[in-house]
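> Chains A and B, in that order, are what the protein sequence lines are.
One point on numbering: in our numbering, the residue at position 126 of the first sequence is 126, and numbering is uninterrupted.
Position in the second sequence (from 1) plus 1000 gives the number in our numbering.
Because the hints were derived from the structure by calculation, they are not lab data.
All C-beta atoms, glycine included, are put in the ideal place defined by N, C-alpha and C.
Wrong hints could be hidden among the right ones.
Pair ranges (Cβ atoms, derived) [what the hints assert, rightly or not]:
#, chain 1, residue 1, chain 2, residue 2, range
1, B, Y1226, A, N157, 42 to 50 Å
2, A, D20, B, Y1054, 17 to 25 Å
3, B, G1160, A, N157, 27 to 35 Å
4, A, P27, B, G1160, 23 to 31 Å
5, A, V161, B, R1051, 20 to 28 Å
6, A, N25, B, S1129, 54 to 62 Å
Straight-line C-alpha distance at most 20 Å; calculated EDC-like pairs for lysine to aspartate or glutamate [to be verified]:
#, chain 1, residue 1, chain 2, residue 2
7, A, K70, A, E100
8, A, K70, A, E158
9, A, K76, B, D1057
10, B, K1196, A, E111
11, B, K1157, A, E111
12, B, K1096, B, D1057
13, B, K1096, B, E1055
14, A, K76, A, E61
15, B, K1096, B, E1156
16, A, K152, A, E61
17, B, K1215, A, E61
18, A, K146, A, E35
19, A, K146, A, D38
20, A, K70, A, E156
21, B, K1215, A, D23
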Amino acid sequence: MKKIFLLLFVFSLLGCEKDDICDENTPTTPRLIIEFYDFNASTETLKNVSNLGIVAPPLTEGLGFSAVNKIQVPLKTNAESTTFSFIQNGTDTDLTNDNEDVLEFNYTTREVYVSRACGFKTLFTLKQTNPIVNAEPFSSPSSWIKNIVIIKPNLENENEVHVKIFF
Amino acid sequence: MKYTLKYSFSLLLLVASFLGNAQEVKVKDSIKPKTERYGLRVGVDLFKLTRSFYEKDYRGIELVGDFKLTRKHYIAAEIGTENKTVDDDRLNFTTKGTYLKAGFDFNGYENWLGMNNMLYVGMRYGFSSFSQTLNSYTIYNPNPYFGQAPEIQSGEKFNGLTAQWVEVLAGAKAEMFKNFYVGMSVRLNYLVSNKKPDGFDNLYIPGFNRTYDGKFGVGINYTVSYFVPIFKSEVKPKEGKKK
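Chain A with its partners taken away, still in its complex shape:
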């Protein structure tokens, strides 16, 4: 009899709820990881961007990166194209030295179940044709980006580099 009540008590404890928060270490919707390289170096050399601002019009609030050679670019989960202005020296106060290159990212999306707490995530695959379109040719002197190389068109997590930009 006592044993049964003890068992009932143990059962009631097991009914306690665990929290339903999505763990931030869980890989969910990834951003596009871009690494920056020196265009003039004979071997691949990482090069830091300084005061790089990226903004997706019509949004006016952008993301700023400084003194890093790797940036994370969020893509729209409910569209197949995202356009970002990459503005060199865009985050400093001086507007005269800004150099804006407009990049259009074209991709397909698929939704993948993660867990009850996290729901679904969107994974991206850069399209085979015109994955990244620079509004002006790389050869143009006004383009500060000189070349773009796609390393991994399947964006599955943020632990790997997807795109290399040479400047």
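With chain A fixed as given, assemble chain B onto it according to the hints.
Here is chain B on its own, set in the frame of chain A:
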């Protein structure tokens, strides 16, 4: 219960004299033999039934049955069907299916003659066949530069899913009126196999309950059942019937 008590009490006087040593002493002519009633007890789970009325997103029914094998051992089974919609922060899905649980109960309660009250522990093997329908979901985006995307309506259905589990339980059954029993049990379920849909999960399994709060599923039922006596057997084989 009153009736039962009265019945029990009159039996008590009768039985008290030999109850203590009845186990050891084999056959004595002076003692009237005990009879045990054997039969099938069938009932319905009130918990699932009432929940179907007050919970908008739940429909379920469970039939229960047990059959006395020996004085202490019963074979027992539950069969049921559930239709539950879970509305979570990020997911909304509907699980629909039927299940069967079969096993045994071990009665730890010393009954008076002819009674089948139980204070028991038991085990079941559970099997469920079901489908999941993903109604809607949201995309988790830890970097919502473009704002959080709206909820996506899906309606995708995943058929042919199965799960199997082992269940341990503890419970009680008491005779309220002649042959009418009320009972309750609490259950702890452990999944043995779980055929998950491709691209989704079995967050709820009919008969097992939800699968996401720890390793174990939990269950509870409140039953009313009717005992259908099938035969009587004398504990001590000798002449005489008692009533």
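> If a hint holds in the structure, say so; if it does not, say that too.
Do the hints match the structure? See the list:
1. B:Y1226 <-> A:N157: 42 to 50 Å: Given about 59 Å between the Cβ atoms, the range is violated.
2. A:D20 <-> B:Y1054: 17 to 25 Å: For Y1054 of chain B against D20 of chain A, whose Cβ atoms are near 24 Å apart, the range 17 to 25 Å holds.
3. B:G1160 <-> A:N157: 27 to 35 Å: Between G1160 of chain B and N157 of chain A, where Cβ atoms are some 31 Å apart, the hint holds.
4. A:P27 <-> B:G1160: 23 to 31 Å: Check passed, 29 Å falls within 23 to 31 Å.
5. A:V161 <-> B:R1051: 20 to 28 Å: Since the Cβ atoms of V161 of chain A and R1051 of chain B sit about 52 Å apart, the hinted range of 20 to 28 Å is violated.
6. A:N25 <-> B:S1129: 54 to 62 Å: With a Cβ separation near 36 Å, N25 of chain A and S1129 of chain B fall outside 54 to 62 Å, so the hint is violated.
7. A:K70 <-> A:E100: Since the Cα atoms of K70 of chain A and E100 of chain A sit roughly 18 Å apart, the hinted pair holds (cutoff 20 Å).
8. A:K70 <-> A:E158: 11 Å, holds
9. A:K76 <-> B:D1057: Violated: K76 of chain A and D1057 of chain B sit about 34 Å apart, past 20 Å.
10. B:K1196 <-> A:E111: It holds: about 17 Å lies between the C-alpha atoms, which stays within 20 Å.
11. B:K1157 <-> A:E111: Holds, at roughly 16 Å.
12. B:K1096 <-> B:D1057: 11 Å, holds
13. B:K1096 <-> B:E1055: 15 Å, holds
14. A:K76 <-> A:E61: 15 Å, holds
15. B:K1096 <-> B:E1156: 14 Å, holds
16. A:K152 <-> A:E61: 28 Å, violated
17. B:K1215 <-> A:E61: 45 Å, violated
18. A:K146 <-> A:E35: This hinted pair holds, its Cα atoms lying about 14 Å apart.
19. A:K146 <-> A:D38: The given pair, whose Cα atoms are some 9 Å apart, holds under the 20 Å limit.
20. A:K70 <-> A:E156: 17 Å, holds
21. B:K1215 <-> A:D23: Judged against 20 Å, a Cα distance of about 18 Å means the pair holds.
Checked against the numbered hints given earlier, this structure breaks hints 1, 5, 6, 9, 16, 17; the rest are met.
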